[in-house]
Each structure stands twice: as structure tokens, then as C-alpha cells.
Amino acid sequence: MIVVAGLVSADLIAAPLERLPSWGLLDPIERIEVQLGGAVANTGAALHRLGIPVGTIYRIGEDPLGEIIQKSIATWAATQWVTIDPQAPTPATVVLLKSDGDRAFLHASGAAIHFQEGDVPLEALCAQGARALHLGYALLLPALDGAPMARLLCKAQELGLLTSLDVTSTPNLNWPLLKEVLPCVDAFCPNHHEAQFVTQEKDPEQAAEALLNLGVRQVVAIKMGAQGAYLRPAKRSGVWLPAYPVRPVDTTGAGDAFIGGLLAAWYRGLDWLEAGRIASIVGALATTASGAGRGIETWDEVVARL
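Residue 306, in the working numbering, is where the sequence shown stops; the numbers in between run on with no holes.
Keep in mind that the hints are not guaranteed to be accurate.
Claimed, not checked - Derived pair list, reagent style DSBU-like, types lysine-lysine, alpha-carbon separation capped at 35 angstroms:
hint	residue 1	residue 2
1	K202	K179
2	K155	K71
3	K202	K235
4	K155	K98
5	K98	K71
6	K202	K155
7	K235	K98
8	K235	K179
9	K155	K179
Worth flagging that the hints you see were computed from the coordinates, not collected in a lab.
Could you put together the complete structure from these sequences and hints?
This is the structure we're talking about:
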């Protein structure tokens, strides 16, 4: 089992949107729908689709959106550890989706701001067969960020779990705080903007080297969208992974799907290079349907594409 912990949100998707409406006016739009988002839902659902048993850990509010999230995750998660926070609403994101697949977000963190070290029962995870812990999104979990997150991930490693960390592209965050966490991370897959925020390096190869020097233990993959990804294992040379050719419909959750593909391949015993190739395909397929991860195929279908 791979356990995915941290931020989950109710995504209210408005599409297709080419311009913002004027204040005080109502503009018609083709559709508005509710889907799950955040690292827990996006990466967790990708892992499940690829045939990996998944456990989830998250906080929600005591409200209808929280009920929707919990019932939806129950359809694919083998185990859930849920904290219902009576003092904060369920995290939610308004996703403004353009016809070309690009998107913008309005996010309310809600109960996620109280997600903390004690929410993650490491011994219980191990007792139920967990092999890895994926945590997202760092720097959006203020009660956990910094020293508590480092402590949690290092303890997970001591218990034999592979640790994976995810961040999100918000420039005005305390990026230096991440540096004390990276030595407790085995796998780190930022996009090129996020890697630059952490390392100040624009070149992906230099950024990956800098992240390994900051302590990432096993592998760094820097996602470059249509340009593919740069994969740098700690014990071998880096490689460029070409983007798998698809016609994008919605890029929401593609980065989370990439990580899901990488971890699913690791779980099945592939080395990091092969895992990166799988991840590139999974991340690309995630963009081929509206909604995070809906375009992802089964493990056998992905391997056939490889």
C-alpha cells in the first residue's frame, strides 16, 4: 500500500472560460461541476487506477463538501484516516479552465491549515502494510511545514517507508523552509517553476543537482510540461524524458498523476529510469480528459504504450 497524505479539496470547475466576467454581471458558461482535487485525491486516484492499493490521510470540515469528499474517496481508497475539523470548512478550489487546457485557481485552505504531525499514524500505516508515504502539498500545510514535517518524514524513513513530497506553484511561499525537509525526502518531483523557487536555478539539470545536494535521497524529477521531464537519480546520470504526445483537454492534476505513475512503477519494482518513463506517460494521459486523472489508463495499458 502507498499512503497519500495532506491536502484534499473540493474542486468547483468552471469551463470553458476565455475571460473573467465583469463585476455585477452574470455570464453563461457551458458547465460547472464538483470534482476532488489536491494531492490526496489526484495522486491517490492515479495510484488506484494503476492497480496500487492506496491509503489516504486528510482533514475536512463538518460540512456537505466534506461528506462528498469522504464518500468519493471511499470508492477507491483501501483505508482512510480522516480528521473532521469542526472549526474550519472543507478545503475548496475554484478551477477556471480554458478551452486549451490551461487553468487558474482560487483556493481556500480551510481545514488543511490544521493538518499536523499527529494526523499521520505512522505505526498504524506500517502495521497495515504501507510501503511508502506521499505528502502534499508542502508549504500549504502551516501546522506541519518546516521542522514538524521533517520530523514526520524522517521517522517514516526510519520505519522503512519510502518518502515522497509534493509542492505547488505558488511563488509567494516560504520556499527556504523546504530546505530543512528535503534531507528526509526520497523522491521529489517539482515542476520547473517550483524547482527554481527552491534552488534559484533556471536550468533543470542544475536545479536537479542542487536538490540532490540539498538532501533528496533517491530521485529528483523536474516536470517541464510539453517539454517532457528531466529525471536525475541520486546514483546515476540524469536523463531527459520526452513528453508523450497527446491532445490536452485539461492539465489539472497532471503533475500529481506523474508522481502517481512514478510511485506505482517503483512499487512494482522498476528502477527510477523506467519509473520516469511510466510517469511521463501517466502524466500525459491525465490531460486527455476533463477532470484530474480521468484520462489515466490501467497499468497494463500504460505499459503497452511504453
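Checked hints:
no.: 1; hint: K202 x K179; in the structure: holds (17 angstroms)
no.: 2; hint: K155 x K71; in the structure: holds (30 angstroms)
no.: 3; hint: K202 x K235; in the structure: holds (23 angstroms)
no.: 4; hint: K155 x K98; in the structure: violated (42 angstroms)
no.: 5; hint: K98 x K71; in the structure: holds (29 angstroms)
no.: 6; hint: K202 x K155; in the structure: holds (32 angstroms)
no.: 7; hint: K235 x K98; in the structure: violated (41 angstroms)
no.: 8; hint: K235 x K179; in the structure: holds (21 angstroms)
no.: 9; hint: K155 x K179; in the structure: holds (17 angstroms)
Violated hints for the displayed structure, listed by number in ascending order: 4, 7.
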